[in-house]
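Chains A and B are the protein sequences, given in the same order.
FYI, the working numbering numbers position 183 of the first sequence as 183, with every residue one higher than the one before it.
Here the working numbering runs 1000 ahead of the position in the second sequence, where the first position is 1.
Just so you know, the hints here were simulated from the structure itself, not pulled from any lab data.
Backbone N, C-alpha and C fix where the C-beta goes; we use that ideal spot for every residue, glycine too.
Errors might be hidden in some of the hints.
Stated by the list, open to error - Estimated spans, in silico, between C-beta atoms of each pair:
hint, chain 1, residue 1, chain 2, residue 2, range
1, A, Lys49, B, Lys1062, 25 to 35 Å
2, A, Asn104, B, Asn1073, 38 to 48 Å
3, B, Lys1184, A, Pro147, 41 to 51 Å
As the list claims (entries may be wrong) - Computed cross-link-like contacts, EDC-like style, restricted to lysine to aspartate or glutamate with a CA-CA straight-line distance of at most 20 Å:
hint, chain 1, residue 1, chain 2, residue 2
4, B, Lys1261, A, Asp132
5, B, Lys1239, A, Asp63
6, B, Lys1224, B, Glu1153
7, B, Lys1182, A, Asp132
8, B, Lys1224, B, Glu1425
9, B, Lys1418, A, Asp63
10, B, Lys1040, B, Glu1381
11, B, Lys1430, A, Asp132
12, B, Lys1028, B, Asp1049
13, B, Lys1417, B, Asp1251
14, B, Lys1417, A, Asp63
15, B, Lys1261, B, Glu1153
16, A, Lys131, B, Asp1251
17, B, Lys1430, A, Asp42
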Amino acid sequence: MVKKIFLTKKTAPYIFISPFYILFGIFMLYPVIYSFFISFFDWNGLGDKTPVGWLNYLDALRDNVFLQSLLNAVILFLEYVPLMTLLALILAVILNKGVFRFCNFFRSAIFIPYVTSVVAVAFTFQLMFDKDYGLFNLILGSLGISPIPWLQSIFWARISLCVLVVWKWLGYNMILMLAGLQMIPDELYESARIDGAGSVQSFFRITVPMMRPVILFALTLSTIGTFGLFAEPLILTNGGAPVNSTITPVIHLYNTSFRYLKFGQGSAIAYIYFVILFILTNLQRHYFGTKKGE
Amino acid sequence: MKKVRNLIAVTLLVAGLCLGSLAQAETKKTITVWCWDYVKKCIELNLPDFYGKNPGTAVEIKLVGTQNGDIYNKVLLALSAGEGAPDVVALENSHLAQMVATGGLLDITKNAKPYFNQFNHYKWDDAISKGKFYAMPIDSGPVAIWYRRDVFEKAGLPSNPEEVTKLLDTWEDFYKTGQTIKEKTGSYMFQMAGSTNDGRLLEILLQQQSLGYFDKNGKVILDKPQAAKILDFLGKCNKAGLCQDALAWTDPWYAGQRDGKVATIIEAVWMGGFLKSWIAPETTGKWGVVRLPRWERGKGVRASNDGGSCFAITNQTKNKDLAWKFTEFMTARVESQMNMFKSLDSFPSLESTYTDPFFTEKDPFFGNQAYREVFKEVAMEIPYWSYTKDYAEANQITQAEIQSFLLGKQTAVQALKKAAQTIREKTRRK
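Let's have the full structure, built from the sequences with the hints guiding it.
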């Protein structure tokens, strides 16, 4: 009886999709809009809101730490993303369906880091990177190489973070590439072989161009992921040491809002960060995306 | 019909259970307390006595950690949600001013003010805002030098506290002693992280001279010349190779203390308990304690502080009287504080405990020295320090500048000037 009133042919679709949209509205849309509202105030989360106009945005753009965090994200991106994406693609080609016998084992082995707890992994890597007692320097020592200040120098701290991130995300990117490879028709490779192309040539002339959408997807995810790195640098380098060399925009955002209790400032940072990422991902699409009619 | 009957039966059963637990809750007056593990243990030592004096009450303790500011986030969330906050919450002194500024703590002036003179004076600085009291001090963290007798002996130096005090009379003496120890034994003088410095050691030394991030009026004073002299001194020690580059609370830090790789530790009283119980229990008999060196011979205070906590009551409490009774019982009662001190090394902020003979007991772990006496003297002289609600940000900003200084990228004066300027901009102060 009740059913017939609400669930008609016309309303049924809306009713079925409404749970998602209601939850989305409450937990995602509302905070996003409210955050924009707060960015024009000074607010400690509990007390009164003091209106400050655009001051929070101006402060954010003049903030050394925020600018440093953006620079760090770019540096980190250049240090590991191209290498990781290329490596993921090569591994995917090598471990593709039945190229050699144990490829399933290797695929799983490379993918497992993705499902590990980031906190546990970051702590473990921190121990391994230790200058005096860590595993890496012990190995280097036995090879006669002097210890590297993995987490004590600006340059090496970034490298260490990249090592951790690549270890964790290589498998994920490889799976993406594997999925993309399945869509390339075998005939292309066969005809290339008949025409006398070597494997390296077919890799660069067939695989890479055909994989463009997948590579673009992986690059976009990596861009957003690099700027949004949070747990890894927070634990590995105690949130940015030395000298804020590994601080990321999200860590700075978290500090501003939740440790310093400056929610207005934090919201302004969040929106500037959103605009930057929006521009970056669109630039990527413009340069790497397939244009219509190609 | 069967379906309906079963449904009614289940509903009645559930309702009955709910009413039952409700009735139970109403017969006992309950308060909830949020705190971290160490404070929970402290409270539990005194709960039987509390229940004895307050029959028919119950205290529910909920464990919330301090890592990543967990407890402060949770309290803030509950306060802004309008419900779910505890009656009483334990707060580290470094975060007290921030919580007071949110307006979520109960004004306990009427009850707390009479106790003003019975606690270490410096504990009240952040607990009082605009003349109103918002917290009761639990423990203090008086700082002294923990030194390894065996390392000093190996370097051919005296190792009993009276002579070591003379040996480490000024910080310049400390530096020279460090050089001797490095030469003769290869051990570092103390531990200080270079590129991962967290600023705490500088803060301890600043407080010793009544300097700091902010003064009594909230003005930024980090760039005062004397502050740069302190940072320069730390840099000098670092350059001379007197510091083990280890970050506090990491494995290399513990190892340095255990293996005698460092001759001294500049830390608060609670370090003793940790050394004894889990960091280096096998080094019993090898430690001694002396007060901090001064900056000028014959002038200055040999005291500073690191850490310490307090209890505060939130605005959401429905049992103001019981919450206060609990707070008062745990903090202002001599027996409660002594229980916590004796079993858990929680150094009382309550000065009326200082006449207890426990302070003069000789401890074999520290070479039969009555080491608690030293800390008692220190506690009564701890200089003023105001964390303010901006401490977290000031500390974070300064950390980066100190790290840059210790990496040799700027001078001490430049480092503190930059830090002070940034703090002024970000916290909108003078």
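For each hint, the structure was consulted:
1. Lys49/A with Lys1062/B: 25 to 35 Å: Holds - the Cβ-Cβ distance for Lys49/A and Lys1062/B, about 30 Å, lies within 25 to 35 Å.
2. Asn104/A with Asn1073/B: 38 to 48 Å: holds (44 Å)
3. Lys1184/B with Pro147/A: 41 to 51 Å: Since the Cβ atoms of Lys1184/B and Pro147/A sit about 25 Å apart, the hinted range of 41 to 51 Å is violated.
4. Lys1261/B with Asp132/A: Status holds; Cα separation ~13 Å.
5. Lys1239/B with Asp63/A: At roughly 31 Å apart (the allowed maximum being 20 Å), Asp63/A and Lys1239/B break the hint.
6. Lys1224/B with Glu1153/B: violated (39 Å)
7. Lys1182/B with Asp132/A: Since the Cα atoms of Lys1182/B and Asp132/A sit roughly 18 Å apart, the hinted pair holds (cutoff 20 Å).
8. Lys1224/B with Glu1425/B: Distance of about 17 Å is within 20 Å: holds.
9. Lys1418/B with Asp63/A: holds (13 Å)
10. Lys1040/B with Glu1381/B: Roughly 29 Å between the alpha carbons, so the hint for Lys1040/B and Glu1381/B is violated.
11. Lys1430/B with Asp132/A: Given that 20 Å is the threshold and the Cα spacing comes to 43 Å, the pair is violated.
12. Lys1028/B with Asp1049/B: holds (17 Å)
13. Lys1417/B with Asp1251/B: violated (33 Å)
14. Lys1417/B with Asp63/A: This hinted pair holds, its Cα atoms lying about 16 Å apart.
15. Lys1261/B with Glu1153/B: Satisfied, since the Cα-Cα distance of roughly 14 Å is no more than 20 Å.
16. Lys131/A with Asp1251/B: Between Lys131/A and Asp1251/B the Cα gap is close to 11 Å, so the pair holds against 20 Å.
17. Lys1430/B with Asp42/A: Judged against 20 Å, a Cα distance of about 18 Å means the pair holds.
Checked against the numbered hints listed earlier, the structure breaks hints 3, 5, 6, 10, 11 and 13; every other hint is satisfied.
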